[in-house]
Amino acid sequence: MIVLQGVSKTYEGFTALSNVSVSIARGEFAFLIGTNGAGKTTLLRVLLREEPFDQGVVLVNGVDISTIRGASLTKFRRKIGMVFQDTRLLPNATVSENVGLPLKVRGRSNRDVSMAVNEVLKRVALLEKASRFPKQLSGGEQRKVALARAIISRPEILLCDEPTDSINPLHAREIIELLLDINADGVTTLVATHDSDIVNDLRRRVIRMDAGGVLEDMAVGVFNTS
Amino acid sequence: MKTSLYSLRYVLGSAVNGLWRNRTMSIGAIITTTIMLITLAAFLAINDTLNQMVSALGRKSNLIAYVRDDARPSDVTRIIRDLQGQSGVAEVVFVTKEDALRIFQERFTDQTDVIDILQANPLPASVELRMENPAILPSLADELRELSDTFETVVVPLDVVERLIAVSNVSRVAGTVMVIALTGVTLFVVVNTIRVAVYARRQEIEIMKLVGATDWFVRGPFIIEGAFIGVFGATMAAGAMVALYAQVGPSITQIISFLPINTNVAYVRSLALFIVLVGLVVGSIGSYFSVRRYLAV
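Going down the list, the protein sequences come from chains A and B. Residues 1 to 226 in the numbering used here are what the first sequence spells out, letter by letter. Residues 1 to 297 in the numbering used here are what the second sequence spells out, letter by letter.
Derived by calculation from the structure, the hints in this document are not laboratory data. These numbers come from a predicted model, not from an experiment. C-beta: ideal position from N, C-alpha, C; glycine also. It is possible that some hints are incorrect.
As the list claims (entries may be wrong) - What follows is a list of derived Cβ distance ranges for each label pair:
#1 288/B / 133/A: 23 to 33 Å
#2 79/A / 296/B: 14 to 24 Å
#3 296/B / 185/A: 28 to 38 Å
#4 119/A / 188/B: 24 to 34 Å
#5 188/B / 173/A: 50 to 60 Å
#6 274/B / 79/A: 48 to 58 Å
#7 188/B / 69/A: 48 to 58 Å
#8 13/A / 188/B: 35 to 45 Å
#9 288/B / 66/A: 51 to 61 Å
Let the hints inform the model, and build the full structure from the sequences given.
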């Protein structure tokens, strides 16, 4: 369960989040939509505790995340899978190494990591590219690798920032189907996007943001491009 | 326990990978470390040579106490024994009246008739001191002058001694200041080189933190890499220094014989070990602090 109450955040005079209050139930799938600068990325970064906020309360499974420090922060982040807008894959690491990183940092054995990597790469249909480096992949493939890295540790919450941005519709559709599949396993999934086709097709909950605030929260929403 | 072993293996493997995949940066850092540590080693050797020179000059400065003809031999013997046990005194030589006459005759072969005219040996016996620490000469001379029953006069080349003490003090202070300053500069340059290498990989650190790595898990490979860069660079510096000592040291000692270059194997070995230790410490500490600033994610 994710709860944000009156959350605000400013960067040197620019309001990134303005009094945001929203709740997302365990296992729910929701889209965060809005134009560039609406506050979608900041909201996801706040939830990962990558970015501090100025005001309000953020509760994840009942825990006020602003109070989490040190080793507890590490434990907290292990419950979350994040697909970054810029993928943030390690350029000098292979696909397998990138995907296996969340398990490596948990101290899992090479054998366990290798098995999990194979399984998850099979799921995103990239097994044959396991030994490639990120720069040898297309944009869509890189996003799939980022998604594989986010889900390999079986997180409770999956946060995706523009997972279908700048990739062809076929790859975009594959990624969304994967997200739905992961959500079906009970993973709370929050997807920031400005891909109207996907939002309109899926007819899931939509939280529309603008100028850092929540404009609309629709149980079954559509992306009104006007 | 098993998890810790897997983590340790990962940290070591990651350090090796990091060094190889960022080899341009690693080589740059190793070269910088080598150059800085060669400079430090050279300065330490020069400083040691200077100190040796000052000590050698100190050993040449003498105090001569002329013994009264009527002094009791037992008193002279006791004083000589006391002086031999005194710290700062390198050597005590007793020159008998006969020795003094012989030395006079050897030095002034054309004036032997002077002694013949006197028909007796007018030269006094003397106690000559060669000093390890010339700084104590003035006070020692005063003590000996108080023994007027034994010594006629006590001669100290005070102006030479004072200059020597001044040179010795300046050399010691300047040497220490320079060694500290150069160590500081070495630390600064090496740490900044490692910092540049770490900066180039800040995204890697950030990602590891965001996927749930602990601080030590992120830090480990960087500290090992830093230690390796430091030790490797220092080993090259130490190797160059040892080779230089072996090849050039004896030639310089032959050409400039008054220069007391310490080519003692134990000294060269300890200097080389010190340089390697500096490399290890600077490399690991440099990495520790360089990574720390990027861990606050």
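Failing hints, ascending? 4, 7, 9
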